[in-house]
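Quick note, the sequences are listed as chains A and B, same order.
In terms of our numbering, the first sequence is residues 1 to 112.
In terms of our numbering, the second sequence is residues 1 to 113.
Treat the hints loosely; a few may be bogus.
[Unchecked claim] Here are the in silico distance ranges between beta carbons for each label pair:
{"no.": "1", "chain 1": "B", "residue 1": "55", "chain 2": "A", "residue 2": "12", "range": "38 to 46 angstroms"}
{"no.": "2", "chain 1": "A", "residue 1": "69", "chain 2": "B", "residue 2": "15", "range": "43 to 51 angstroms"}
{"no.": "3", "chain 1": "A", "residue 1": "29", "chain 2": "B", "residue 2": "15", "range": "23 to 31 angstroms"}
{"no.": "4", "chain 1": "A", "residue 1": "58", "chain 2": "B", "residue 2": "12", "range": "39 to 47 angstroms"}
{"no.": "5", "chain 1": "B", "residue 1": "85", "chain 2": "A", "residue 2": "53", "range": "37 to 45 angstroms"}
Just so you know, the hints here were simulated from the structure itself, not pulled from any lab data.
From the three backbone atoms N, C-alpha and C, an ideal C-beta is built for every residue, glycine too.
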Amino acid sequence: KQEVTQIPAALSVPEGENLVLNCSFTDSAIYNLQWFRQDPGKGLTSLLLIQSSQREQTSGRLNASLDKSSGRSTLYIAASQPGDSATYLCAVRPGGGYALNFGKGTSLLVTP
Amino acid sequence: NAGVMQNPRHLVRRRGQEARLRCSPMKGHSHVYWYRQLPEEGLKFMVYLQKENIIDESGMPKERFSAEFPKEGPSILRIQQVVRGDSAAYFCASSRDGNQPQHFGDGTRLSIL
Numbered sequence: 001k002q003e004v005t006q007i008p009a010a011l012s013v014p015e016g017e018n019l020v021l022n023c024s025f026t027d028s029a030i031y032n033l034q035w036f037r038q039d040p041g042k043g044l045t046s047l048l049l050i051q052s053s054q055r056e057q058t059s060g061r062l063n064a065s066l067d068k069s070s071g072r073s074t075l076y077i078a079a080s081q082p083g084d085s086a087t088y089l090c091a092v093r094p095g096g097g098y099a100l101n102f103g104k105g106t107s108l109l110v111t112p
Numbered sequence: 001n002a003g004v005m006q007n008p009r010h011l012v013r014r015r016g017q018e019a020r021l022r023c024s025p026m027k028g029h030s031h032v033y034w035y036r037q038l039p040e041e042g043l044k045f046m047v048y049l050q051k052e053n054i055i056d057e058s059g060m061p062k063e064r065f066s067a068e069f070p071k072e073g074p075s076i077l078r079i080q081q082v083v084r085g086d087s088a089a090y091f092c093a094s095s096r097d098g099n100q101p102q103h104f105g106d107g108t109r110l111s112i113l
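Bound conformation, chain A alone:
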C-alpha cells in the first residue's frame, strides 16, 4: 500500500525566501507524481505533474524534482510571496492504477 508523507506539516517564512517542500513515498512503482495547491475552502489546483520517466518539471518560480528510486520529490519555490500562502499537496498515482494517493500536505505561510 502506497504511503505518502509530507514534511514539514507547516512552514512560515518571510517574503522573498526560497523554500523547499518535501514529499516521500513508499512504493517506487509509480505512474506519475503531482503537486497541488489548496486554498482554504477551495478545491485543488494542479501546479506540476512529473511523469515517472522524468526527473523534474518547472513552471515559473516553481520547480519539482522526482527521484523515483529513493521515493522522494521536492517542490522548490523561489522568491516566495504572500500570495503563495496555501496548503501544498503531493499526490502519487501508482503504476497500473488511477487512484491518487495524497499526503496530508504542507501548510505554508509567507509573511510580508
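Please build the complex by placing chain B on the supplied structure of chain A, with the hints as guidance.
Chain B only, in chain A's frame:
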C-alpha cells in the same frame, strides 16, 4: 470552458438524513473520481466511475454510501442515514480517459448536526 462543477458547495444535514452530492465533469470528460478529505487527514480515494459503470469502489465504506454516473446528467454520491463522522469535504475529479490527469472541483463541505 467550465471546470469540474460540484454542488452544493456546502450541505448541512441532521443525523439520519440523506446527503446527495453532485458532480458535473469537465466537457469531454467521461471518467469521474470521488475523494473524501476528513479533518486533519489527507484526501482519500473513494470511487472511480465511467458513464453507467462503477470501475473501482474499493475506497467506499461498505454501508450507506453509493455512487452513480448515469448516461445523462451529473455523477451523484449518495450518503444515507448520515452520522457525525461523515462530516468532511468531498471532492470530485474528472479526466478525459484513465490515463489523463485528473482535474478537481471545489468540493462539497458536508456538515452533520
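Quick rundown of the hints versus the structure:
Taken as a hint, the range 38 to 46 angstroms holds for the pair residue 55(B) and residue 12(A), whose Cβ atoms sit roughly 42 angstroms apart. Between residue 69(A) and residue 15(B) the C-beta distance comes to about 49 angstroms, which sits within the given range of 43 to 51 angstroms. Distance hint check for residue 29(A) and residue 15(B): the Cβ-Cβ separation is about 42 angstroms, which falls outside the suggested range of 23 to 31 angstroms. Between residue 58(A) and residue 12(B) the CB atoms are about 43 angstroms apart, so this pair conforms to the stated range of 39 to 47 angstroms.
For the pair residue 85(B) and residue 53(A), the supplied restraint of 37 to 45 angstroms holds, since their beta-carbon distance comes to about 41 angstroms.
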